[in-house]
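Protein chains: 2
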Amino acid sequence: MRKLLLALLLCAGAITVFAQKEDSAFIKKISDEILTNGKAYENLRHLTKKIGARLAGSPGMVKSEQWGLKLMQESGADKAWMQECMVPHWVRGGKDVAKAGYIPLRSEVKKGPYPTFINKDLDVIALGNSIGTGKNGISESVLQVNSFDELEQKKDLVKGKIVFYNYKFNDTYINTFLSYRDAGQYRGQGPSRAAKYGAKAVIVRSMSHAADNNPHTGATRYDSAYTKIPAVAIGLRDADWLSEQLKTAEVKVSLKTNGHFLPDTIGHNIIGEFRGSEFPDEIITVGGHLDSWDNCEGAHDDGAGCVQTIEILRAFKAIGYKPKRSIRFVLFANEENGLRGGNKYAEEAQKEGKKHILAVESDAGGFTPRALGFSGSDEQFQQFLSWKELVAPYGCTEFVKGGGGADIGPLNRTLKTPTASLNPDTQRYFDIHHARSDVFEAVNKRELELGAVNMAALIYLVDKYGL
Amino acid sequence: MRKLLLALLLCAGAITVFAQKEDSAFIKKISDEILTNGKAYENLRHLTKKIGARLAGSPGMVKSEQWGLKLMQESGADKAWMQECMVPHWVRGGKDVAKAGYIPLRSEVKKGPYPTFINKDLDVIALGNSIGTGKNGISESVLQVNSFDELEQKKDLVKGKIVFYNYKFNDTYINTFLSYRDAGQYRGQGPSRAAKYGAKAVIVRSMSHAADNNPHTGATRYDSAYTKIPAVAIGLRDADWLSEQLKTAEVKVSLKTNGHFLPDTIGHNIIGEFRGSEFPDEIITVGGHLDSWDNCEGAHDDGAGCVQTIEILRAFKAIGYKPKRSIRFVLFANEENGLRGGNKYAEEAQKEGKKHILAVESDAGGFTPRALGFSGSDEQFQQFLSWKELVAPYGCTEFVKGGGGADIGPLNRTLKTPTASLNPDTQRYFDIHHARSDVFEAVNKRELELGAVNMAALIYLVDKYGL
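Chains A and B are the protein sequences, given in the same order. Heads up: the first sequence at position 267 corresponds to 267 in our numbering, and the numbers run straight through without jumps. Each number in our numbering corresponds to the 1-based position in the second sequence with 1000 added.
Isolated chain A, as found in the complex:
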């Protein structure tokens, strides 16, 4: 009996070792294919340089949807389709302008000298979803506050002013997404919290630690309890300059922005499917979002996630992989200012009634991969952890708890689907996030490709072993 047990154990051990070798060899094959014949970089060049910005409702959105559908077909999808959803249609409506001036009183004119920054241009950009100033603009004194606490302290001074939130991006976090979460509340809540006390408009320090002066946009959220007021982000150098002037002078800023909503319009998730041979009704989803802000090429955010998604499909096909389960490659609509694509995808998945066993998202830039994040049951997490040594040689040396993405969140909420994320290095992301510097040139070919390699490895393992 003992001998039999031992033999069985040895046999099981041998099978495990064999399986690991097979998995390791497969992942190497995927990696070699992507690093040698990869198309992600050239696809990204096309998306960013030939199509460019693609905010929900824009002509760029329509072009990018067509591009995505065609590429899914060319890359070998068994089936590719557009999943319709209504998307919000916010437009900037023209160039955002801000000029700072110290306007001397008549009595002061005789005294001189005066500050020399009358009508100094500030580099600003209206926040997404914000209202415009009206054609006459808004010209008011600036009240700087460094935090919401300071806003509360100075609430009696707010009325009629332009509130300038100069909250600094925290340099001491190593993971810059923590700094973003920390500072992001000023972009999200700042306008309404200032409007509560009668502010006329808001200027927010850009959520970045870049060394340049590019302003960073992003969605704001008005609280319906208060008047909607215009809001812009300002570049870091101009924020520092403005703050410096305010130490000794009263500064007026003239703002002119033109943001407004047009009626909701039709957008689409772009979906390619690679049908499973054994369990076609078990679905693994991988995706990024196709929309970008209107002021940039959206190369890292999230062109990278889109071309990585398609690259995994292309590479699987190129090496002749036959998945057991169905894999869906998705370019989600409208992540930036509505999440209508992610919501629609979950809604349709629920209707369809198939089993969604995992969703993976890449939406943290096309930088060098460092970790895979995972959200699921403890048992599932343990299984996920067991694959770490297989994936680590390709860059994701850490397998961490907590993973997902805005677009796959709804799937998790409605169907309890476990979610995972590619976590690339975060140091450079907020240099370019939602700014005009988020361009193709900021993406490195190999870093982009390695992101696809690591996600492909995870998808292969989940496809093979289930979850």
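Calculated from the structure, these hints are not laboratory results. Don't take every hint at face value.
[Unchecked claim] Simulated pairs of lysine-lysine, DSSO-like, Cα-Cα distance not exceeding 27 angstroms:
no., chain 1, residue 1, chain 2, residue 2
1, B, Lys1168, A, Lys29
2, B, Lys1021, B, Lys1099
3, B, Lys1168, A, Lys317
4, B, Lys1168, A, Lys28
5, B, Lys1247, A, Lys39
None of the values given here were measured: they were computed from a predicted structure.
Please build the complex by placing chain B on the supplied structure of chain A, with the hints as guidance.
Coordinates of chain B only, in the frame set by chain A:
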């Protein structure tokens, strides 16, 4: 007795926990100081933009030495000095020129059409230490070989030709230093191995997977058994173009290079010392190399290592750290084409007779930190490993066997000093390595600073606990 033992164990446990908390807090303090008040980035700007290239023997070398000495003093070194060493003095001697032409025979002239690339400029750069072509240049037919094996097969065809080593940088290695080691032999040995069979000159495909056409220089090593022949590196696009032409045509290349050695001259290691309070005769060395190739700003290679080194000194002083052991901050001379600085440092250390307990080098670019490498005894490695959890939150999540650097190698060989290296992410390094694109703009402020943070943490731990 049991109770006493238990009490002792608990006590020891409490001390360990307390020490870990103290270490963790100290490392956070160092990190906050460097990420908030860091000067490394601005120092690098000065070194690259105001001084620029600084090959051994060049005016840039002299300027950078003075800069380094002054900065060591300003950053708080108890003592700073220049350690003299003779350095080789190779000069490029002018612009390297290569033109490719298909020279039709007289009989062919009547037939036409002819290839249109007569006198097409190729982007080349002479290899470091290589001889020049002479003022008349060398104009010969090109023989392409893709490997040394192919050279051996074609050895009878080599005589009188320009041998073109078109060995490709291997894309499938994840760690690009493996690709570099693999391809690097063609730069190092290629000229002499071709000269052995009578080649007139050598063109080497650049050791890079960049998407641009910048040629990458670097030292070659002549084998004294064979004639020295001129050698250049060629940009990747031109290498592909040349290779494509050679499929259907005989191509002549006219080369003109002017490299030559002037007599050895005086260079210096720049050393700053922070004197230990308890064991001043135990030395920890940290450094990078101050020299760079002449065709670039040497921002990543190795301006980054130099300014990180000085930043650790500055930050230790700024937070009031009092080391137990002496720490030496070293900018080494002449790493690129002679290693005279590293050799001199080891020689002087041996004479001085103090105990060198660790040497750390940063010479793999100022990219985001990923690992610390270590070479020492097994016992020392275990101690090194025990610190991993303290350092990992700052980026070096891997502690790996094998660490050091060219400049600290001699110290290891003469005094058996354990050596360590900062291993940043490798994906971007060979895009810019030894090419004109190794400029300040290619360095990210936070990535650079985090390198200093991780090395500072290691130095603190070795200083506190010994090794």
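Of all the hints numbered above, which does this structure not satisfy? Sort the numbers upward. When the structure is compared with the hints, only number 2 turns out to be violated.
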